[in-house]
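Q: Use the sequences and the hints to build the structure in full.
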Amino acid sequence: MNDTKHCAECGAPQPGYWPKGLCAQCALDGALAMTHAESQVHTQT
Numbered sequence: 001m002n003d004t005k006h007c008a009e010c011g012a013p014q015p016g017y018w019p020k021g022l023c024a025q026c027a028l029d030g031a032l033a034m035t036h037a038e039s040q041v042h043t044q045t
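Its first residue numbered 1, the sequence shown is counted upward by one per residue in our numbering.
Bear in mind the hints are in silico, worked out from the structure with no lab data behind them. Quick caveat, the model's predicted, so the values are computed rather than measured. Every residue, glycine too, gets a C-beta built ideally from N, C-alpha and C.
Beta-carbon label-pair distances, calculated as ranges: (1) Ala8 / Thr35: 19 to 27 Å; (2) His36 / Thr4: 29 to 37 Å; (3) Cys10 / His36: 17 to 25 Å; (4) His36 / Gly16: 28 to 36 Å; (5) His36 / Ala8: 16 to 24 Å; (6) Asp29 / Thr4: 19 to 27 Å; (7) Gly11 / Met34: 16 to 24 Å; (8) Leu28 / Thr4: 16 to 24 Å; (9) Ala33 / Gly11: 17 to 25 Å.
A: Quick look at the structure:
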């Protein structure tokens, strides 16, 4: 049985025990992008 999952964003293989969704790199990139976007909104007031 193949327990390999794939990242929903980049398609990178993930181990079977990894939560369904994004790989660590895509999750981090998304979090950093959200943080940067929020700081842009707050500084423009």
